[in-house]
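Undergrad: The residues making up each chain are set out below.
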Amino acid sequence: MKPAPFAYTAPTELEGALALLREHGDEAAVLAGGQSLMPLLALRMTAPKVLVDINRIEPLRAVGHGGDGLRFGALVRHAEALRAVRDQVGPAHLLAQALPHVAHQAIRHRGTVCGSLALADPAAELPACAVCLEAEIELQGASGRRFVPADAFFEGVYATARSVDELVVGVRFPATAPGTRFGFVEVARRHGDYAILGLASWARVVDGEVADCRLVYFGADERPSVATRTARTLRGGRLDDPATRARAKECALDELTIAPDATYGEGYKRRLAGALLERVVAQWGVAG
Amino acid sequence: MPARSTELPLQEIGRSRPRGRTRALLAGHGRYLDDLDLPRQVHGAFLRSPVPAARIDRLDVTAARTAPGVVAVFTWDDLRAVCRPWRTVSAAFPGLQSPEQTPLAAGRVTAVGEPIALVVAASRALAEDAIELIDFAWTEQPAVGVASEALAPGAPLVHPELGSNLAWQFDAAAGDVDAAFAAAALVVEERFVFGRHTGVPLETRGILAAFDRSEARLTVWASHQMPHQLQLHLADLLDLPMSRVEVTAMDVGGGFGIKMHVYPDEIAICAAARLLARPVKFVADRLESLTSDVHAREHVIDAKLAVDGDGRLLAIDAKGLQGIGSHSVFPRSSTVETLMAMRTLGAPYALAAARAHADVVFQNKAMTGQYRSVGHPIACAVTEALVERAAALRGEDSLALRRRNYLEPGDDGCRTALGLELFDFSHAACLERLEAMLDVAGLRAQIAAARQRGEIQGLGFAAFVEMTASGSEIYGKAGVPVSAADTVQVAIEPDGSIKASASLSEIGQGITEGLIQVLADAVGVAPERIALEMGRTASGPHGGGAWASRGAAIGGEAAWQAGRALRGQVLEAAGALLQMPADTLDLVAGWVVDASGERRIEVAELARMVHFRGHEFPAGTAPQFQVAHHHRRAGDPTIPTNGIQAAWVSICRDTGLVRCLKHWVVHDCGRMLNPLLVTEQVRGGVVQGLGAALFEHCRYDAQANFLDGSLADYLVPMATEMPDIEVGHVETAYRGSVLGAKGAGEAGTCAASAAVLNAVNDALRAAGGTSIATLPLTPPLVLAALEGGSSG
Ligand SMILES: Cc1cc2nc3c(=O)[nH]c(=O)nc-3n(C[C@H](O)[C@H](O)[C@H](O)COP(=O)(O)OP(=O)(O)OC[C@H]3O[C@@H](n4cnc5c(N)ncnc54)[C@H](O)[C@@H]3O)c2cc1C
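Just so you know, the sequences run in chain order P and F.
Each number in our numbering comes from the position in the first sequence (counting from 1) with 533 added on.
Each number in our numbering comes from the position in the second sequence (counting from 1) with 18 added on.
These are calculated hints, taken from the structure and not from any lab test.
Take the hints with a grain of salt, since some may be wrong.
Reference listing, derived: stretches of chain P covered by chain F, where coverage requires no fewer than 3 residues with Cβ under 8 Å from a Cβ of chain F [unchecked claim]:
(1) 535-548
(2) 718-725
(3) 798-810
Ideal Cβ placement from N, Cα and C applies to all residues, glycine included.
Model the full structure from these sequences, guided by the hints.
TA: Written out as structure tokens, the structure reads:
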């Protein structure tokens, strides 16, 4: 379990990193927190020629917070992001609920939010949160900077819209409307494991009625699954109305695409999908 | 008859003391195998089989030999010059079919992960680079994965030369089983399915071997439970006298039965070291550990239990099947698992009749082998699940049913229906203690209230019998060279401190501390004055090591006898000097005292005299101040222990996740040398049992491809998921020894999974679900049972 040989580079300027990516293309790999990349290297499941360690590029450490939302630079660790969200937005925010489920404390001190997005594991929490909150991924390459909506960024299992010469330099989570309620649940055998199935959501509730909402499952398909029809079913319904909830559950079971999974059958996952929906709707009821 | 243990002058024995090395280990000052590096050392890495069954068509290592940093590349053709193959043979298993095994594949492979070639290079990374250059071509062959298909007509043969996949069959019967079932008022039956799991020691297997050509001496460091056994087999397989083979185990980060076998890769490393005359190191990585450490369990058992109208258990009848993987592990044989799983069926109860049959089959999977509580958890789960089901169908408290049916050997001992010798037992006392610990009525009321609130909760019990501290009757009698005896050597240094060495092994279980406590009381000195070394064949006496929960029961007795003899020497010497009969003197806290308790001479002073001023002793007195005592228990082939566990669980209604709310154990291991360490052994054992119940699973697909090569897939129980584990003790001394200690290391594992299974089924029963008889209890399985159907 030792990596195949690679060249190691650790540029201190963003431009240096970008030049290396342009030069080496798909033979380069970006090293952020290393919490996913190092095991992949050790198992020789990936064997890049050049490792571009971005940890010395100081500007990438920035955490931004303002009226337009939150921005995490590429080197913001899960733990720092969690602290920032809790302190600056509040513990009810979706990210504050989701981040404690990402791995374990030690890993959260190294792994980065952007690394998790760049990796695009279908069972990971943060890609689903990014899609749910309609975050924008900031990509920078030789040809400049572009902003890709999260929903368009995730393309499949470990596949994203990032081209090989681009770096994820940050992610922007837009501010949510005041009064927005969040619901987040996941099912895992052990705390800190990747989810068997999870659900990230927000809702705006007016007088007990769902004015608007968004639901994104993870661990179901090959990328985060936006349950559009299910959300529509809930809209206009009352939170305490069992019939609305039952209709929505029904719809979720029908709407969700479940990719084959060696361990958990499709029937089980569909069953979970309904249960998770119940739980997030219940969370909307208590929140705010 | 040895002196009754209650009469012993005990100061240290029975006291809770933390392990002496705990602080060092926690501070990172441990010395594990991989902490040791030798000059000129090189590293080994293996090309391992990617497929379950194949014929090797081409194995060309030419390119690898010239890769950067590579010192040598070996195949079986290279190693056979210095190493012979082996075959597991044991008279304990008449008819055992067992193929030859080689350190590297000889023309074909029979399991994923089997070592094929060994690359030795300047670093492990360079060795792994070179592996990619080996030109290896193979023809995949049909594989046997599912044990129940191994004996089907036309099934592929794992070892064609054996003509069948049947390795061994177990058969035992007593009493009129058919009549008992015909007469029964109630028969409960079930098919039980137990998955494979493995030990997952924190420190993986590892070995560092050096060969000195000037002396033809092989020196080996290994992370191993029994360096003496390894020494013997290395000498045999590499054709060296044992006196030229030296094995040392340093700190060992967990064994659990995984590190007590002869592994092909470890032998290959020693053979390579011999050929190269350079130190070669190999430490298994986690992938290698999960694919090539022995796995455990994998049984399918159809069992039924007959009960009469008064709730008396009449008979048990079981048909078992165990899949042992590609080979029967050397030297002890994988079949011990089935032997114990069958023999301990129904063991807590008085049964008039019993019958057990089991087939043990080869598969194209990793070898299985002895793992903590060998076979017992299987028998326990089968027996106890049937007992709880019978109680539920009779509408009575399962504890009442147990109490009515317990087999209490009394003063004379007795045998179980399947032939286990039982004595010095305490089922009733353990049950009473358990009831006091968990307030059964109160807990049941709490569970009923939770159920009222819509929660799904259950309480389950499991009584158990665990056979410990095997004697020479088990392996020795079967012709397997495994030591069941232990020797402890003690000597007094010139400053009066005690230098001891023992044939036992410290693998994290804390036996070092227990033995020091025994020596302290036996000699009459403070524990701080004693240094005990274990795990070194060069300086320590040959003996058993760590297996079968034997340390306290066998090693403790050897230490006691050695210590008493040393104390006798001291008192003799003091008597000669003081002109007093030795039997009027005593040794207390490092001083010789007279009958009035007055201090007469310090041990240190006597030691200085022995070593430096021997002429001062009266003529004819030549004190030795050193003793070696070899202890082999006479009489009982094993020492049985007993106890009971309870599990309280809740099930999540819409996910099927099981949460352990609390777990209780009452255990009788005879005299406890150190209650703190016994309790922690039990707790650790319970955690492994809960792992078996809920998480741990070595999964293969139907074609025998391994699916769980990392700890992301193989789920070990983690602290967050573990309940509070309360441990109570009953101490019924073993009467065949002075100390009265029995085994304690495996009891936790023995019944934990059974208790959880019963608790889950109790919860399912109350919630109107179907019952489960498959471990591990995965969420889909539990959810399906809750909904009364099959898993989706
Ligand atoms: C035991 C364990 C449990 C875990 N459990 C979870 C879990 O429950 N949920 C979860 O979501 N994650 C989990 N993880 C993964 C963890 O969250 C990782 O930190 C995260 O997935 C990747 O972040 P990283 O900074 O470590 O990225 P790295 O490992 O450094 O990189 C991951 C991948 O992303 C690429 N990459 C990284 N940063 C950039 C960038 N800025 N631009 C372009 N490409 C980039 C790398 O090239 C690589 O391909 C777990 C990890 C471990 C070891």
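Undergrad: Evaluate each hint against the coordinates.
TA: Results of checking the hints against the structure:
{"no.": "1", "hint": "535-548", "verdict": "holds (count 4)"}
{"no.": "2", "hint": "718-725", "verdict": "holds (count 5)"}
{"no.": "3", "hint": "798-810", "verdict": "holds (count 8)"}
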